[in-house]
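Respectively, the protein sequence lines represent chains E and V.
Numbering that gives the first Met the number 0 puts the first residue of the first sequence at 0, with every later residue one more than the last.
Numbering that gives the first Met the number 0 puts the first residue of the second sequence at 0, with every later residue one more than the last.
None of these hints come from the bench; they were simulated from the model.
The beta carbon of each residue, even a glycine, is placed where N, CA and C say it ideally should be.
Heads up, a few of these hints could be off.
[What the hints assert, rightly or not] Far from chain V, by Cβ distances over 12 Å, these chain E residues were calculated:
1. Q6
2. S10
3. I24
4. I25
5. T32
6. R112
7. I120
8. L122
9. I124
10. I127
11. K128
12. N129
[To be verified] Some chain V residues close to chain E (C-beta under 8 Å, calculated; not the full set):
13. Q48
14. I50
15. N51
16. Y54
17. F77
18. K86
19. F101
20. F102
21. V135
22. V139
23. T167
24. N169
25. R171
26. I194
27. Q195
28. V199
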Amino acid sequence: MSEQQDQWRCSQCETYNSGSDRYCIICGGERPTVPVIQQPVMPEKVFQQPKNHFGSRAAGSDSSLFENSYPSYDDDGTSGESYSPVSGSEARSAVSEKTKTADGLSAGRIAVRIMLAAANIVLLIFNIKNLIEVM
Amino acid sequence: MAELNSEIGGFTPYTLRGYTITEPLKADNGGFSRWGSCIKDGRRFFIKQFINPVYPTADAGLSEDTIMRKKKRCAEWFSGRTAVYKKIIESQTGNLVTPVLFFRERSHYYLITDYVESSELTLRQIASCSIAQKLVMLKVLGLCFSKLAENGLVHADVKLDNLIVKKTTNDRLTVKVIDFDASYLESAVPERGEIQGDPVYYAPETFLAMIGEPAKLTPKVDVFALGIVFHQLLCGRLPELGSDDSYVYEAVLNGNTPELCERIPTALRELISKMLEKDPDRRISVNEVFEELKKMNGLPEMPPDDSADEPEFPEEETDSWYAAEDFDV
């Protein structure tokens with residue numbers, strides 16, 4: 000993922016460049032100054048699972064495509080096989096949705112906050128206990 | 000398939016998989032397909048409807064055996080195309096017009112790709128650009144095709160019609176590669192009768208394979224065609240051939256050397272010569288082409304074309320390459 004996010008697209012020749020390149024490898028165009036993550040990136044190699052018999056077999060071995068009988072084909076023809084790569088931005092948003100909550104914090108950050116809160120509560124109880132003893 | 004209520008000029012827009020087609024798909028210059036543009040979520044795309052193969056529907060009045068046979072052929076074709084499209088996406092450099100969705104609706108298959116706006120420049124206008132600008136276009140193509148070759152994919156129909164010159168920021172130009180209908184994986188070369196392409200750009204081995212002679216079809220096929228395209232982009236015309244030869248591949252097979260435009264800088268002319276080598280094993284690879292292009296800096300500007308007043312091609316031919324309505328994706 001980070002490799003994909005590090006890419007940037009040259010505004011002059013529209014070639015994807017790696018994050019380590021300051022200038023476009025094709026035309027010498029300078030890397031934009033806006034954060035790299037906001038630049039368009041190359042589509043990721045994420046593919047939507049085919050919906051039916053055709054597609055799922057197509058994604059696998061050709062040789063086994065017709066080893067079974069045919070009744071599983073769609074005979075009404077209204078919803079045939081399909082193939083769709085998921086774009087980089089869609090894939091990224093799908094991944095980030097899994098790790099985000101409503102307030103936009105990642106699960107990891109929430110865990111850290113809970114631990115800090117717990118530590119603060121323990122510290123508070125300890126301090127109150129000390130205060131009572133002193134009194 | 001959902002039909003929309005509003006009728007536009009006798010045509011009722013309809014929606015396929017969320018893509019709204021607002022005008023009839025056209026067959027002109029589309030080969031074995033009809034094409035047009037469509038809109039989804041306010042974004043424009045190209046849509047192509049394949050005329051072949053046709054998926055047999057239950058009401059087609061065919062025998063059970065015929066239906067099974069046709070379904071098998073459709074599934075094999077779909078599987079083969081999907082494998083090619085995956086490789087195109089893996090090869091993306093930013094300038095390959097890649098598939099967005101490939102699907103069947105009732106009896107037809109459809110392909111959705113990104114939409115590209117053409118600069119609508121003529122070939123002569125392109126050829127009169129600075130050498131630096133033209134070198135950028137050659138490098139863009141070099142990178143695109145070296146990535147395709149790296150992934151074992153042969154475009155197999157490289158020609159000006161399948162390139163879109165696009166104007167970008169600061170009036171710079173870039174090139175987009177479209178139409179992978181004839182493409183195949185190096186590991187799944189088509190049968191003799193299924194090889195497609197344009198004879199103007201055939202590699203010698205393509206012609207030999209078509210007539211049943213022993214020939215190995217590899218990404219070097221694209222290198223040969225690219226050599227011809229490079230020549231056209233640089234000087235606006237095809238290499239000169241002797242009176243006995245109609246095509247570049249024919250000249251090469253006959254042992255004749257196509258005459259390259261002398262206005263082209265020597266380094267580029269030598270590169271094109273290596274790309275037009277008869278023997279694919281001795282022909283330069285597209286990766287080597289790209290590496291050589293990267294080393295070329297400070298090339299001298301090409302002298303003006305003395306024959307610029309005389310059109311090399313009929314006007315409709317040169318204009319049609321860049322006309323937006325001629326895109327074939």
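Hints, one by one, checked against the model:
1. Q6: For Q6 of chain E, whose nearest Cβ neighbour in chain V is about 9 Å away, the distance does not exceed 12 Å, so it is violated.
2. S10: The claim breaks: S10 of chain E does not keep its Cβ more than 12 Å from every Cβ of chain V (closest is about 5 Å).
3. I24: violated (8 Å)
4. I25: Its Cβ does come within 12 Å of chain V, the nearest being 5 Å, so this is violated.
5. T32: holds (14 Å)
6. R112: holds (36 Å)
7. I120: holds (48 Å)
8. L122: Correct as stated: the minimum Cβ-Cβ distance to chain V is 51 Å, above 12 Å.
9. I124: Non-interface label stands for I124 of chain E: nearest chain V Cβ at 54 Å, farther than 12 Å.
10. I127: holds (57 Å)
11. K128: Consistent with the label, K128 of chain E stays out of reach of chain V, its closest Cβ about 60 Å off (over 12 Å).
12. N129: holds (62 Å)
13. Q48: violated (13 Å)
14. I50: violated (16 Å)
15. N51: violated (15 Å)
16. Y54: holds (6 Å)
17. F77: holds (6 Å)
18. K86: violated (11 Å)
19. F101: holds (4 Å)
20. F102: holds (4 Å)
21. V135: holds (5 Å)
22. V139: holds (6 Å)
23. T167: holds (5 Å)
24. N169: holds (7 Å)
25. R171: Status holds, d = 4 Å.
26. I194: With a closest approach of 20 Å, the I194 of chain V hint is violated.
27. Q195: violated (21 Å)
28. V199: violated (27 Å)
In this structure, the hints that do not hold are numbers 1, 2, 3, 4, 13, 14, 15, 18, 26, 27 and 28, in rising order.
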